[in-house]
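**Q** Between the sequences and the hints, there should be enough to build the whole structure, so can you do that?
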Amino acid sequence: MSSAKVKMGKSLKEDRDVETSDDSDDSEADEQSNEEQNQESSDDTERNEIRSDLSTMSFVQLMKLKEELGTKVYNEAIFGKGSKSSSREKTKTDFKRANKNRPREMSSKRPVPFLGGEERQRAEQTSSRDPRFDENCGEYDSKIFKTNYEFVNDIREKEVHSLKKKMRKVEDEEKRKEMKLVMQRLQNQMREEKKRKIREEVLKEEKEEIKKAKEEGRTPWYKTKKERQLTELVKQYEDLKKSGRLVKHLEKRRKKNASKDRKKFKSGI
1 MSSAKVKMGK
11 SLKEDRDVET
21 SDDSDDSEAD
31 EQSNEEQNQE
41 SSDDTERNEI
51 RSDLSTMSFV
61 QLMKLKEELG
71 TKVYNEAIFG
81 KGSKSSSREK
91 TKTDFKRANK
101 NRPREMSSKR
111 PVPFLGGEER
121 QRAEQTSSRD
131 PRFDENCGEY
141 DSKIFKTNYE
151 FVNDIREKEV
161 HSLKKKMRKV
171 EDEEKRKEMK
181 LVMQRLQNQM
191 REEKKRKIRE
201 EVLKEEKEEI
211 KKAKEEGRTP
221 WYKTKKERQL
231 TELVKQYEDL
241 KKSGRLVKHL
251 EKRRKKNASK
261 DRKKFKSGI
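Numbering follows full-length UniProt numbering, with no gaps: position 43 of the sequence shown is 43.
Keep in mind that the hints were calculated from the coordinates and are not lab data.
With a cut-off of at most 30 Å between alpha-carbon atoms, the simulated DSS-like pairs for lysine-lysine come out as follows:
#1 Lys-242 - Lys-225
#2 Lys-146 - Lys-197
#3 Lys-197 - Lys-226
#4 Lys-255 - Lys-158
#5 Lys-223 - Lys-207
#6 Lys-164 - Lys-180
#7 Lys-256 - Lys-164
#8 Lys-225 - Lys-211
#9 Lys-197 - Lys-207
#10 Lys-242 - Lys-166
#11 Lys-255 - Lys-225
#12 Lys-146 - Lys-204
#13 Lys-194 - Lys-177
#14 Lys-158 - Lys-194
#15 Lys-212 - Lys-235
#16 Lys-252 - Lys-165
#17 Lys-256 - Lys-166
#18 Lys-211 - Lys-146
#19 Lys-248 - Lys-175
#20 Lys-197 - Lys-256
Pair by pair, the computed Cβ-Cβ distance ranges are:
#21 Arg-168 - Asp-130: 35 to 43 Å
#22 Glu-205 - Glu-173: 44 to 52 Å
#23 Ser-162 - Lys-248: 19 to 27 Å
#24 Lys-194 - Glu-227: 17 to 25 Å
#25 Glu-139 - Leu-115: 36 to 44 Å
#26 Arg-254 - Asp-134: 47 to 55 Å
#27 Lys-165 - Glu-238: 27 to 35 Å
#28 Gln-229 - Asp-130: 30 to 38 Å
#29 Glu-171 - Glu-208: 48 to 56 Å
#30 Gln-229 - Glu-208: 13 to 21 Å
Even glycine gets a Cβ: it sits at the ideal position worked out from N, Cα and C.
**A** What follows is the structure, encoded as structure tokens:
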């Protein structure tokens, strides 16, 4: 145990002496490299001798020796300096110049790419998908869409009724304005939805009339855009009359037209 301890101490001392030696002179770079190679070979032989001595020792003796020398010194003596990072040093090569007048040496080796790495990266990338423009979701049909989401109009009506009730209780003017804007937006959406339904009904009736005329052998009558708008307006007034809101609607239209005429009159003056 004592002989191994002495040898380990000598090897460590020599290693530290080599580390502290100054290699600043560029002209003696080749000589120093040869000396370092010889030193490394002698260090290897000494380490082999230490290992052979330690192989005869028991586990308890090895643990005592490790406690006396310390873990760092023990590992440096047996495995050499930087034993932990030896595997990393193999992968990370430091390209230095042996002489300042020589060019830097670069490795021609490149790491082998991982097979299937590109495909895996593509699979991992999550791309946002819009069902409106995706072929897998089929073509957009406005009729099917409207029938599937018919319940949205019922939700809007309920929201309008609840907002009207809340507005009566709210005293803050800013909140009342916000609620009024939301209510107006919902009412406009409901109004546009009703107009769309009337427009579809008018087109459906027109197509049926054209089909009937062709079956009977008569020349079909194709309505113009203006005629179609008039029929849509008549339908709207009929719906208002059924719901009992025709008088209120006409009063609103009268006030709106009166304000327009007033503005025109002022601008003319």
